[in-house]
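Enquirer: These are the residues of each chain, in order.
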Amino acid sequence: MSVSLPHAVSVWKRNAAMYRRTWKWNLLPNFFEPVFYLASIGIGLGAYITQMGGTSYISFLAPGLVCVAAMNGASFEVTYNVYVRLTFEKAYDAMLTTPIEPDDILLGEALWAITRATIYGGCFFLVLVVAGLAPLPFSLLVLPLIPIAGLLFAAIGMAFSLRIPNIDFFSYYFTLFLTPLFLFSDIFFPLRERVSTPWLWVAELLPLLHPVRLARAAFLTGPSWILLWDAAYLIGISLLLLLWARAGVRRRLTN
Amino acid sequence: MAARAANSPLIVEARGVLKRFGSRIAVDNVDLKVPSGLCFGLLGPNGAGKTTTLRMIYGVTRPSSGTIRVFGIDITQDPRAVRSRLGVTLQQNVLIDALSIEENLRVFGRYHLLREPELSARINELIGFLDLGSHAGVAVRNLSGGFQRRLAIALSLMNRPELLILDEPTTGLDPAVRLALWSRIRELRATGTTVLLTTHYMDEAQRLCDSVAIISEGKIIDQGHPTGLIERYLASETVEFDCAPEEEPALLNGMNEARRVRVGRRLMIYLDDATALSRHIRLHDQSDRRGLIVRPTNLEDVYLALTGTRLEASL
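These protein sequences, in sequence, are chains A and B. Take the first sequence: its position 142, counted from the start at 1, is 142 in this note's numbering, and no numbers get skipped. Take the second sequence: its position 199, counted from the start at 1, is 199 in this note's numbering, and no numbers get skipped.
Derived from the structure by calculation, the hints contain no laboratory data. Keep in mind the model is a prediction, meaning the values are calculated, not measured. Glycine included, C-beta positions come from ideal geometry on N, C-alpha and C. Incorrect hints may appear among the rest.
Said to hold, decoys possible - Listed below are several chain A residues computed to face chain B (Cβ distance under 10 Å; list not exhaustive):
(1) Ser10
(2) Arg14
(3) Ala17
(4) Met18
(5) Arg21
(6) Tyr92
(7) Asp93
(8) Met95
(9) Glu101
(10) Leu228
(11) Ala232
To be verified - Footprint (simulated), chain B over chain A, 3 or more residues, beta carbon under 8 Å:
(12) 78 to 91
(13) 241 to 255
Said to hold, decoys possible - Cβ pair distances, simulated, as ranges:
(14) Trp23/A to Arg141/B: 57 to 63 Å
(15) Trp23/A to Ile73/B: 37 to 43 Å
(16) Arg80/B to Lys13/A: 23 to 29 Å
(17) Trp225/A to Arg20/B: 53 to 59 Å
(18) Ala47/A to Gly137/B: 52 to 58 Å
(19) Asn29/B to Pro165/A: 28 to 34 Å
(20) Gly22/B to Trp225/A: 49 to 55 Å
(21) Leu306/B to Thr22/A: 50 to 56 Å
(22) Pro165/A to Ser23/B: 17 to 23 Å
(23) Asn29/B to Asp168/A: 39 to 45 Å
Please work from the sequences and hints to get the whole structure.
Expert: So, in structure tokens, the structure goes:
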């Protein structure tokens with residue numbers, strides 16, 4: 001069984017056809033969330049912080065929030081939306097009556113999640129550019145990073161969504177996984193300055209930490225060797241989890 | 001032998017197919033041959049293994065043992081090639097509620113990699129064929145059950161399938177919609193499409209199918225032309241009435257060789273000509289006449305005689 005890109009694209013187009021209908025309602029909440037964080041914590045709380053990581057607090061905060069937007073865009077898609085398509089809409093059962101194979105469905109959904117991540121991350125980046133918080137031209141380097149971060153969270157979410165018995169499990173995913181990632185991935189404060197060394201090693205396992213470090217390098221800090229590790233983590237873990245998700249999608253959709 | 005195979009190629013050929021889910025055997029050693037151009041029915045109550053059999057034929061469920069060839073291709077080897085040549089209407093409609101009929105067809109056409117202008121042409125053909133034109137722009141969630149079912153069938157015809165698989169095509173539909181769908185299925189068959197359907201409606205099987213296989217508890221009990229099965233097991237006419245078991249010998253005096261089936265107080269007698277028996281019962285009853293039905297024997301009777309259970313009652 002091989003994967004077919006044209007069939008995966010037809011899966012992508014199904015989601016795009018639905019999204020065209022509802023994007024006005026869907027885009028706004030996800031888009032505003034990081035804007036609110038930027039305003040409240042960056043402008044509000046940031047006024048009491050003279051400096052963080054060698055820059056103003058809002059400049060420190062901004063690049064991490066681009067990654068959060070990408071993470072949220074991908075995550076909502078491959079959790080609730082994939083689960084609804086799987087169990088309520090039975091969209092995959094319909095696809096499997098055509099030449100589409102389970103692997104194509106996984107690839108199509110991953111591509112769609114990347115698309116959503118890119119829309120959210122890209123919109124938020126535009127806000128930062130307009131607000132003067134994205135130093136040009138180097139901050140433009142986050143544009144290729146956004147879809148890669150999307151791929152990572154698409155792979156994690158798919159591997160999870162295809163293995164859970166019911167929709168209630170997503171509250172664990174969001175509160176016990178995504179929320180701590182959001183709070184402890186170097187976005188709000190530099191981990192190195194606040195956390196002891198053993199915990200810093202643990203933090204290296206957190207998936208959101210790596211895109212955040214890459215984004216901050218593009219915005220502020222410039223290249224360093226550790227970014228190679230971040231890039232390797234992003235690509236390597238994404239591919240491993242996609243393989244794991246592939247076993248899940250086959251088992252869930254065929255028997 | 002080779003020449004005969006060439007004249008009437010088998011569209012579906014299942015040999016010794018068995019499917020186990022844990023310790024439960026859902027499909028038990030099924031052999032099935034569906035020749036080209038026929039309408040073939042799998043007849044049985046819910047839970048008999050019909051849907052599992054279909055899923056194995058289009059390659060979404062793998063047999064635990066046995067082989068299935070569709071268009072001569074082993075389905076487990078190349079499901080993509082097989083599914084590009086068949087269409088499936090699932091028991092439950094799998095439509096996109098938020099999108100219109102036309103948009104649903106468009107999404108589905110892309111699953112088959114159809115491109116413009118062919119895609120739009122095919123969509124318009126199907127909208128015409130299934131009389132969907134009046135509601136082509138209406139979102140599925142606002143359509144009646146009949147429209148939704150017709151759209152589901154239209155989707156499965158998108159790729160001009162050589163084999164159309166219909167899982168319970170008319171369950172839950174009103175009589176007018178059923179009649180309309182039956183006529184569309186007959187038209188497809190007349191233009192060379194092989195149809196494989198499951199149903200628990202014996203009238204549907206009898207009206208549509210050239211051949212039926214009767215399934216009970218995962219096994220095929222027998223298969224053949226509906227009329228042929230009726231004649232093989234029963235007889236063309238049925239006399240049906242209520243009577244207590246102790247009345248039976250007197251009522252059926254002299255007709256003890258006729259096939260009969262009893263369900264509680266209800267007794268059904270199968271005869272080539274029911275005239276003599278109905279007259280005999282009328283004479284026996286004299287003043288206190290019981291309700292007596294004389295009707296053509298149908299597949300429901302065959303099913304009852306073969307399995308001891310009713311199709312509809314098991315729903």
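Enquirer: None of the hints should be skipped; say for each whether it holds.
Expert: Hints, verified against the model:
With its C-beta approaching chain B no nearer than about 4 Å, Ser10/A sits inside the 10 Å limit, and its interface hint holds. At about 5 Å, the closest approach between the beta carbon of Arg14/A and any beta carbon in chain B falls short of 10 Å, and the interface hint on this residue holds. Among the interface hints, the one on Ala17/A holds; its C-beta lies about 5 Å from the nearest C-beta in chain B, closer than the 10 Å criterion. Interface hint at Met18/A: satisfied, since its Cβ lies 6 Å from the closest Cβ of chain B, which is below the 10 Å cut-off.
The beta carbon of Arg21/A comes within 6 Å of a beta carbon in chain B, closer than 10 Å, and the hint placing it at the interface holds. Residue-level restraint check for Tyr92/A holds (minimum Cβ-Cβ distance to chain B is 9 Å; threshold 10 Å). For Asp93/A, the interface hint holds, since its Cβ comes within 10 Å of a Cβ in chain B; the closest pair sits about 6 Å apart. For Met95/A, the interface hint holds, the least distance from its beta-carbon to any beta-carbon of chain B being 6 Å, beneath 10 Å.
Of the supplied interface hints, the one on Glu101/A holds, with its beta-carbon coming within about 6 Å of a beta-carbon of chain B, less than 10 Å. Against a cut-off of 10 Å between C-beta atoms, the interface hint on Leu228/A is violated, since the closest Cβ of chain B lies about 39 Å away. Because the closest C-beta pair between Ala232/A and chain B is about 34 Å apart, greater than 10 Å, the hint is violated. For the region 78 to 91 of chain A, the stated coverage by chain B is satisfied: 3 residues place a CB nearer than 8 Å to a CB of that chain, which reaches the threshold of 3.
Counting residues of the region 241 to 255 of chain A whose C-beta sits closer than 8 Å to any C-beta of chain B gives 3, which meets the bar of three, so the coverage hint holds. For Trp23/A paired with Arg141/B, a C-beta distance near 19 Å fails the hint of 57 to 63 Å. Between Trp23/A and Ile73/B the beta carbons are some 41 Å apart, a value that agrees with the proposed interval 37 to 43 Å. The beta-carbon spacing between Arg80/B and Lys13/A, approximately 18 Å, falls outside the hinted interval of 23 to 29 Å.
A beta carbon spacing of about 55 Å between Trp225/A and Arg20/B agrees with the range 53 to 59 Å that was offered as a hint. Distance hint for Ala47/A and Gly137/B: a CB-CB separation of about 53 Å, consistent with the stated range 52 to 58 Å. Hint check: Asn29/B to Pro165/A, Cβ distance near 32 Å, so the stated range 28 to 34 Å holds. Restraint check, Gly22/B to Trp225/A: a C-beta distance of roughly 53 Å satisfies the suggested window 49 to 55 Å.
Taking the beta carbon of each, Leu306/B and Thr22/A are about 52 Å apart, inside 50 to 56 Å as hinted. A hinted range of 17 to 23 Å for the beta carbons of Pro165/A and Ser23/B is consistent with their spacing of about 21 Å. For Asn29/B paired with Asp168/A, a C-beta distance near 41 Å keeps the hint of 39 to 45 Å intact.
Going through the hint list in order, the structure does not satisfy hints 10, 11, 14 and 16.
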